[in-house]
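Novice: Chain residues, written in single-letter form:
There are 2 protein chains.
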Amino acid sequence: MAGEHHNHGITDARDHLRAHSDLVLPSVDPRSTPGYDGDKESGAADLIAGLAELSEFQERLFAAGQKGAQDSVLLVLQAMDSAGKGGIVRHVVGGVDPQGVELAAFKAPTEEELAHDFLWRVQKRVPRPGFIGVFDRSHYEDVLIGRVRELAEPDELERRYGAIVDFERRLVAQGTRVVKVMLHMSYEEQGERLMERLERPDKHWKFNSADVDERAIWPAYQYAYQEAIQRTSTDEAPWFVVPADRKWYARLAVQAILIETLEDIDPQWPRAEFDVEEQMARLRATM
Amino acid sequence: MAGEHHNHGITDARDHLRAHSDLVLPSVDPRSTPGYDGDKESGAADLIAGLAELSEFQERLFAAGQKGAQDSVLLVLQAMDSAGKGGIVRHVVGGVDPQGVELAAFKAPTEEELAHDFLWRVQKRVPRPGFIGVFDRSHYEDVLIGRVRELAEPDELERRYGAIVDFERRLVAQGTRVVKVMLHMSYEEQGERLMERLERPDKHWKFNSADVDERAIWPAYQYAYQEAIQRTSTDEAPWFVVPADRKWYARLAVQAILIETLEDIDPQWPRAEFDVEEQMARLRATM
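First to last, the protein sequences are chains A and B. Take the first sequence: its position 56, counting from 1, is numbered 55 in numbering that gives the first Met the number 0, and each next residue is one higher. Take the second sequence: its position 125, counting from 1, is numbered 124 in numbering that gives the first Met the number 0, and each next residue is one higher.
Extracted from the complex, chain A is given alone in its bound form (with noise of 0.2 Å):
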């Protein structure tokens, strides 16, 4: 059960977890629970009572946007393999209507995708007033893994870095709030993970063994995480980073930034368009 002191959950969640263009990633510890003094089974109960609050602000979030206001909500995932993105979106994006949930997998691109700027596939995916995107990873892949596996030049990955910028401010402009996440997790932690999808036949459909190869280039993988955070994240933009080794607190941590984000936006239930004694006995009428 909760206790006294955390039954609301992180308090300033995005104060605690928020990242600058100053971030130091190896100064954030995996294992932390930034804002949180409680425990796995007080997280777990937190986590449930989040869930009907952060439900409730959905519902009225998109009943707003039925109703023509423009503000929606995207959400994008960024994460080393087994860091814990398909438990966010399983326990914290899950609990909500799944008609308001605008969900986008990014996988290796397509020749089509190749073919076009790489914000072509991402601003097609982008979420309608009243709903909640989610990236499961994101146009960030484009400086992330393009510049590990140095599949775009140094101009090209300064190119980006505005682009994406520009973009996002852009959606911030037209009513979208847009919150990035990096599931911070320890090398010693993948390890674990990965070997229990091994040991499991029930997740070795899980594996894939380029997760090794990805494995041995671990630090400019975190080097190009903190280089890309550092040159993205703004006050309009935010990123933040979750200490993921513990599960459980990620997935709290993730839905308080959500909630706080709805928060700011305050969605209400839309006033009826119609007249509401007129209708009632016209139903009335009817029965």
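Certain hints may be false.
If several chains are the same, the list does not tell them apart, and a pair holds so long as it fits within one copy or across any two.
What the hints assert, rightly or not - List time: in silico SDA-like cross-link candidates among lysine to any residue, alpha-carbon distance up to 25 Å:
no.	residue 1	residue 2
1	205	168
2	246	22
3	66	219
4	205	264
5	106	140
6	123	286
7	106	124
8	39	111
9	205	262
10	106	234
Keep in mind that the hints were calculated from the coordinates and are not lab data.
Keeping the supplied structure of chain A fixed, place chain B upon it in accordance with the hints.
Specialist: Chain B only, in chain A's frame:
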């Protein structure tokens, strides 16, 4: 709590609810609970119990689909306004991993959609292998409102019945289980639900004065549903008429239909496509 007699939810739900070419819709009591002798309380408990089962099947289906299996499920939901389609999506489909669900809500067709054959927009939204697709309204609107509001000539309606049967047969041949559900609500119950929307300011956004207009021609819709179901309920793509005056029953019934459908597929965890020992050794070398 679930009692001893119904702790597995509805047994053989599909047999109880299957509609054939001789369907007489008024013979189905919207308040009945075919195949279930529990009450609202046990129904809610059984729904939660079934969720775990449905979730596991869905994950297996998804995993198999990632590794080449062609199976998928398409749930088509049709009903009069306020019958509870949204609740099915929220409480039945919403219980499984959103990463394995493709939800398509079909509204009044756009100009572009109207310029194409009525199946054009629908074909684009069929589920990929491994996914559970849900159509919230569907191509059936084109033989329901299409018929009632005389948006199509009788010849064209005839053509559409045939085109639907052919289209669904092709889908099934490609590996998609097509499951069609009509939520069958009484006229009286709809009156109460629409009145509730008018009485609650947080429900006003769901109310549409056109719902009262459609209500005035309720029998025409019932007849159009009966005809559509008679003409398109095939062994490959059966219709189920689910009594829906009790929301808890309708949810339990649709969940049971989905579980039985997935039991037929019996998706298996894919075998590893790599040498497990070899990958373990590689991974260990990085730890």
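Novice: Next, verify each hint and record whether it holds.
Specialist: How the hints compare with the structure:
For the identical chains of this complex, residue 205 and residue 168 are neighbours neither inside a copy (35 Å) nor across copies (32 Å), given an alpha-carbon limit of 25 Å. Proximity of residue 246 to residue 22 under the C-alpha cut-off of 25 Å is restricted to the intra-copy arrangement: shortest distance 22 Å within a copy versus 51 Å between copies. For the identical chains of this complex, residue 66 and residue 219 are neighbours neither inside a copy (47 Å) nor across copies (30 Å), given an alpha-carbon limit of 25 Å. When the C-alpha separation of residue 205 and residue 264 is checked against a cutoff of 25 Å, the pair qualifies only between copies, where the shortest distance is 21 Å, while the shortest distance within a copy is 37 Å.
Proximity of residue 106 and residue 140 under a CA criterion of 25 Å is satisfied intra-copy only: 9 Å inside one chain copy versus 34 Å between copies. Taking CA atoms no more than 25 Å apart as the test, residue 123 paired with residue 286 passes in neither setting, with 46 Å inside one copy and 40 Å between copies. When the C-alpha separation of residue 106 and residue 124 is checked against a cutoff of 25 Å, the pair qualifies both within a copy, at 13 Å, and between copies, at 19 Å. Neither within a single protomer nor between protomers do residue 39 and residue 111 lie at most 25 Å apart by alpha-carbon distance, with minima of 45 Å and 52 Å respectively.
With identical chains, the CA atoms of residue 205 and residue 262 are at most 25 Å apart between copies only, with a shortest distance of 23 Å across copies and 36 Å within one. Neither within a single protomer nor between protomers do residue 106 and residue 234 lie at most 25 Å apart by alpha-carbon distance, with minima of 28 Å and 37 Å respectively.
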